[in-house]
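Peer 1: Listed below are the residues making up each chain.
There are 2 protein chains.
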Amino acid sequence: MPLLVMKFGGTSVADLDRIANAAEKVKREVDRGYNVIVIVSAMAGKTNELVNWVEQTSHLYDAREYDAVVSSGENVTAGLMALRLQEMGIPARSWQGWQVPINTTSAHGAARFVSIPRDNIDRKFEEGMKVAVVAGFQGVSPEGRITTLGRGGSDTTAVAFAAAFGAERCDIYTDVDGVYTTDPRICSKARKLDKIAFEEMLELASLGAKVLQTRSVELAMRYKVRLRVLSSFEDTDENSGTLVCDEEEIMESKAVSGIAYSRDEAKITLVTVEDKPGIAAAIFGPLAEAGVNVDMIVQNISEKNYEGHSGAVTDMTFSCPINQVERAKKALQDARERGEIAYDDLVVDTEVAKVSVVGIGMRSQSGVAARMFKALADENINIKVIATSEIKVSVLIDRKYMELAVQALHDAFELDKTA
Amino acid sequence: MPLLVMKFGGTSVADLDRIANAAEKVKREVDRGYNVIVIVSAMAGKTNELVNWVEQTSHLYDAREYDAVVSSGENVTAGLMALRLQEMGIPARSWQGWQVPINTTSAHGAARFVSIPRDNIDRKFEEGMKVAVVAGFQGVSPEGRITTLGRGGSDTTAVAFAAAFGAERCDIYTDVDGVYTTDPRICSKARKLDKIAFEEMLELASLGAKVLQTRSVELAMRYKVRLRVLSSFEDTDENSGTLVCDEEEIMESKAVSGIAYSRDEAKITLVTVEDKPGIAAAIFGPLAEAGVNVDMIVQNISEKNYEGHSGAVTDMTFSCPINQVERAKKALQDARERGEIAYDDLVVDTEVAKVSVVGIGMRSQSGVAARMFKALADENINIKVIATSEIKVSVLIDRKYMELAVQALHDAFELDKTA
Numbered sequence: 001m002p003l004l005v006m007k008f009g010g011t012s013v014a015d016l017d018r019i020a021n022a023a024e025k026v027k028r029e030v031d032r033g034y035n036v037i038v039i040v041s042a043m044a045g046k047t048n049e050l051v052n053w054v055e056q057t058s059h060l061y062d063a064r065e066y067d068a069v070v071s072s073g074e075n076v077t078a079g080l081m082a083l084r085l086q087e088m089g090i091p092a093r094s095w096q097g098w099q100v101p102i103n104t105t106s107a108h109g110a111a112r113f114v115s116i117p118r119d120n121i122d123r124k125f126e127e128g129m130k131v132a133v134v135a136g137f138q139g140v141s142p143e144g145r146i147t148t149l150g151r152g153g154s155d156t157t158a159v160a161f162a163a164a165f166g167a168e169r170c171d172i173y174t175d176v177d178g179v180y181t182t183d184p185r186i187c188s189k190a191r192k193l194d195k196i197a198f199e200e201m202l203e204l205a206s207l208g209a210k211v212l213q214t215r216s217v218e219l220a221m222r223y224k225v226r227l228r229v230l231s232s233f234e235d236t237d238e239n240s241g242t243l244v245c246d247e248e249e250i251m252e253s254k255a256v257s258g259i260a261y262s263r264d265e266a267k268i269t270l271v272t273v274e275d276k277p278g279i280a281a282a283i284f285g286p287l288a289e290a291g292v293n294v295d296m297i298v299q300n301i302s303e304k305n306y307e308g309h310s311g312a313v314t315d316m317t318f319s320c321p322i323n324q325v326e327r328a329k330k331a332l333q334d335a336r337e338r339g340e341i342a343y344d345d346l347v348v349d350t351e352v353a354k355v356s357v358v359g360i361g362m363r364s365q366s367g368v369a370a371r372m373f374k375a376l377a378d379e380n381i382n383i384k385v386i387a388t389s390e391i392k393v394s395v396l397i398d399r400k401y402m403e404l405a406v407q408a409l410h411d412a413f414e415l416d417k418t419a
Numbered sequence: 001m002p003l004l005v006m007k008f009g010g011t012s013v014a015d016l017d018r019i020a021n022a023a024e025k026v027k028r029e030v031d032r033g034y035n036v037i038v039i040v041s042a043m044a045g046k047t048n049e050l051v052n053w054v055e056q057t058s059h060l061y062d063a064r065e066y067d068a069v070v071s072s073g074e075n076v077t078a079g080l081m082a083l084r085l086q087e088m089g090i091p092a093r094s095w096q097g098w099q100v101p102i103n104t105t106s107a108h109g110a111a112r113f114v115s116i117p118r119d120n121i122d123r124k125f126e127e128g129m130k131v132a133v134v135a136g137f138q139g140v141s142p143e144g145r146i147t148t149l150g151r152g153g154s155d156t157t158a159v160a161f162a163a164a165f166g167a168e169r170c171d172i173y174t175d176v177d178g179v180y181t182t183d184p185r186i187c188s189k190a191r192k193l194d195k196i197a198f199e200e201m202l203e204l205a206s207l208g209a210k211v212l213q214t215r216s217v218e219l220a221m222r223y224k225v226r227l228r229v230l231s232s233f234e235d236t237d238e239n240s241g242t243l244v245c246d247e248e249e250i251m252e253s254k255a256v257s258g259i260a261y262s263r264d265e266a267k268i269t270l271v272t273v274e275d276k277p278g279i280a281a282a283i284f285g286p287l288a289e290a291g292v293n294v295d296m297i298v299q300n301i302s303e304k305n306y307e308g309h310s311g312a313v314t315d316m317t318f319s320c321p322i323n324q325v326e327r328a329k330k331a332l333q334d335a336r337e338r339g340e341i342a343y344d345d346l347v348v349d350t351e352v353a354k355v356s357v358v359g360i361g362m363r364s365q366s367g368v369a370a371r372m373f374k375a376l377a378d379e380n381i382n383i384k385v386i387a388t389s390e391i392k393v394s395v396l397i398d399r400k401y402m403e404l405a406v407q408a409l410h411d412a413f414e415l416d417k418t419a
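Chains S and W, in that order, are what the protein sequence lines are. Under the UniProt record's numbering, residue 419 is the last one in the first sequence; the count climbs by one each step, no gaps. Under the UniProt record's numbering, residue 419 is the last one in the second sequence; the count climbs by one each step, no gaps.
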């Protein structure tokens, strides 16, 4: 019998009415002939309540106890969803992580899947169960303790089950109706995409389009799980939402599929750094140790040769989240005091934002960067840093121009029109 | 190393401050050299919230899912308590029912213990853990589903652990400071007892002194677990509260230890019943099937021999909770219609209450009943039904005299004075 995985996030199961609404969506798929594995999050707000209790109880808390407490929210939703389905006449039962079992590593609070044996759930399907409701976000360690995958981990649970059970598709029900060419709050012409490739989704997700957790998309890409993002709060059918899939399923791609942005960026420049082998490692090693998420890196070869600098010198520029600037400064100053690096000045610009154009089509179509730069130049937007990858071009610009840039690029790449 | 079991009920762990307060009491015992098993209830109100969700979701709910949902409240408290103890420097960890494992029957919602293997917890004690915090009220079935013991089951969990681990004592922390000679709200002279025998506590508990769940006292009596009831909200030491123990530990007993009452009683009389063998079974069989909790039964041999009654006749009187009267009437009327019993009239008196004097001392001291009847007669209180057992005498009286009767009996047996 064909199998679907359906995942409902916290806002989709926020109260009993919404659980009933989600159950209706499950019933529709059962009526179509599917066996269904439903992955549920905690009711909206419950996880935060539990996390607050833990944090108020203990300052440096034992992550094993954190997981034991916080995982209870999903258990409640799983039981209620199973009850609701039963009330509608559908054979269903709930599964907590240890009952499946969802075997994970012992990295409490950030556990990773080890295995999801199918036997227990398959046996129940064979006995006539139509829906297995699984508590998301949790698993069990080799020591028999409850683990959690970290916030947002229910998306990853859903993809892992879809992979383990060979599901036809993994439908992620959420509070948006799909993936857009860009953020509709910033650009009114933003258009919902019918399909998007895993690689594009990864770039859009990690760049701030918070529809799907990055890890879930990576897992889906690795196991070729067809993911669909769609709304819990609208009538949906088999064509609703956005399908995130292998690029082979996407017949024809534009050069650019979407425009991502990240508002809270900072740019840090180390002025007059000695340009010698190992200097990048000397700079970014301490930053990594300090937990700074360095994103773009640009090294400007400089011909300046000031007094006191015997060899060639350079300026080194990188970007990081704005709330990590102090940490980054301290790490670099400490490294300078230890004599590991030398620089004349450290210049911080906290008034920048990142805008990226993303598309697998740019692999085969040239001129994307040039078209991007021209669109920004036409609006008199100055580009501070450029970084490119195979399927994206990112720029740092003044934050005040961010919305204008997104709109201009959306127009320039004609994203309001279907391919 | 000596071991204590300490149990904290819902009001004792109602919020983080109270959990911290309970943790202080645990620390005191650890400092005295004990290993401790702490049994916790859900934070007050949480279980009701979960039960309401289940009942709103499903009318005839699947008890297995009910248990999966409702048990989550205790899991949260167990984790928070373990965290709080760790924060105080005490090696502690939480245990959910399936982790111990607490093996129970599959009678979901009313499961009974099958076994509590010590291995897992003992191993952790050997490794240096000082406190095992166990979620009360739950277990795991042979099928691997979560079970619950029914409301109030955390007391029973505590006693079962005390028995399984050979604990020196099982301390039940609650919102009262011990067991009293009678209800202090009714009789201002009520005095806290230092010790009470299991049998007495059973009579007091089942008669309405709701300090301990009956089943937990039965279990404690069977395994000779010394139970102590004491307050979470007061400073307590090794002499606080009331010890519920084997009667051999009680050096000297008064004839009467306490006075119990039950306000919501009803008296039902079947008038002119044929007095023949099997008549009691014919009456009380249908009542039992209808789930009526019949308490006192009195059969008045009557010499009346009315027209239409060939043999001897009798009146049969029994008492039951007032909210079961309609059920009882229907069961009896149905039995009459089926021709299984015959009676002239069914008279219901819903204005009665039960008052009982309880004491293991009455086994060896005579005259208790006479002294009781005289005290009631002195207050002009009419006795409607009398029932006696080895360690108690109960009477049904008009409800309006109940408080007066309790006070009069408390004085008559000098319960305000220590033995």
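Think of the hints as simulated: they come from the structure by calculation, not from any bench. Given the structure is predicted, the values throughout are model-derived calculations rather than measurements. Fair warning: there could be bad hints in the mix.
Any copy, or any two copies together, can satisfy a pair, since identical chains are not distinguished.
Keeping only pairs whose Cα atoms sit at most 20 Å apart, straight-line, the calculated SDA-like set for lysine to any residue is [stated by the list, open to error]:
| hint | residue 1 | residue 2 |
| --- | --- | --- |
| 1 | 124 | 62 |
| 2 | 46 | 15 |
| 3 | 27 | 59 |
| 4 | 330 | 389 |
| 5 | 384 | 281 |
| 6 | 384 | 141 |
| 7 | 254 | 416 |
| 8 | 276 | 62 |
| 9 | 124 | 144 |
| 10 | 46 | 14 |
| 11 | 124 | 141 |
| 12 | 27 | 62 |
| 13 | 25 | 35 |
| 14 | 329 | 317 |
| 15 | 130 | 62 |
| 16 | 374 | 402 |
| 17 | 189 | 277 |
| 18 | 27 | 103 |
| 19 | 124 | 64 |
| 20 | 124 | 106 |
| 21 | 25 | 315 |
Peer 1: The structure should be examined with respect to each hint, and the outcome stated for every one.
Peer 2: Checked hints:
no.: 1; hint: 124 x 62; result: between (35 Å within a copy, 16 Å between copies)
no.: 2; hint: 46 x 15; result: both (11 Å within a copy, 16 Å between copies)
no.: 3; hint: 27 x 59; result: between (44 Å within a copy, 19 Å between copies)
no.: 4; hint: 330 x 389; result: neither (30 Å within a copy, 81 Å between copies)
no.: 5; hint: 384 x 281; result: neither (23 Å within a copy, 95 Å between copies)
no.: 6; hint: 384 x 141; result: neither (47 Å within a copy, 64 Å between copies)
no.: 7; hint: 254 x 416; result: within (12 Å within a copy, 92 Å between copies)
no.: 8; hint: 276 x 62; result: neither (44 Å within a copy, 71 Å between copies)
no.: 9; hint: 124 x 144; result: between (23 Å within a copy, 13 Å between copies)
no.: 10; hint: 46 x 14; result: both (9 Å within a copy, 17 Å between copies)
no.: 11; hint: 124 x 141; result: between (24 Å within a copy, 17 Å between copies)
no.: 12; hint: 27 x 62; result: between (40 Å within a copy, 18 Å between copies)
no.: 13; hint: 25 x 35; result: within (13 Å within a copy, 51 Å between copies)
no.: 14; hint: 329 x 317; result: within (13 Å within a copy, 88 Å between copies)
no.: 15; hint: 130 x 62; result: between (38 Å within a copy, 16 Å between copies)
no.: 16; hint: 374 x 402; result: within (16 Å within a copy, 94 Å between copies)
no.: 17; hint: 189 x 277; result: neither (48 Å within a copy, 90 Å between copies)
no.: 18; hint: 27 x 103; result: neither (29 Å within a copy, 35 Å between copies)
no.: 19; hint: 124 x 64; result: between (30 Å within a copy, 15 Å between copies)
no.: 20; hint: 124 x 106; result: between (28 Å within a copy, 18 Å between copies)
no.: 21; hint: 25 x 315; result: neither (56 Å within a copy, 62 Å between copies)
Of the numbered hints stated above, those contradicted by the structure are hints 4, 5, 6, 8, 17, 18, 21, listed in ascending order.
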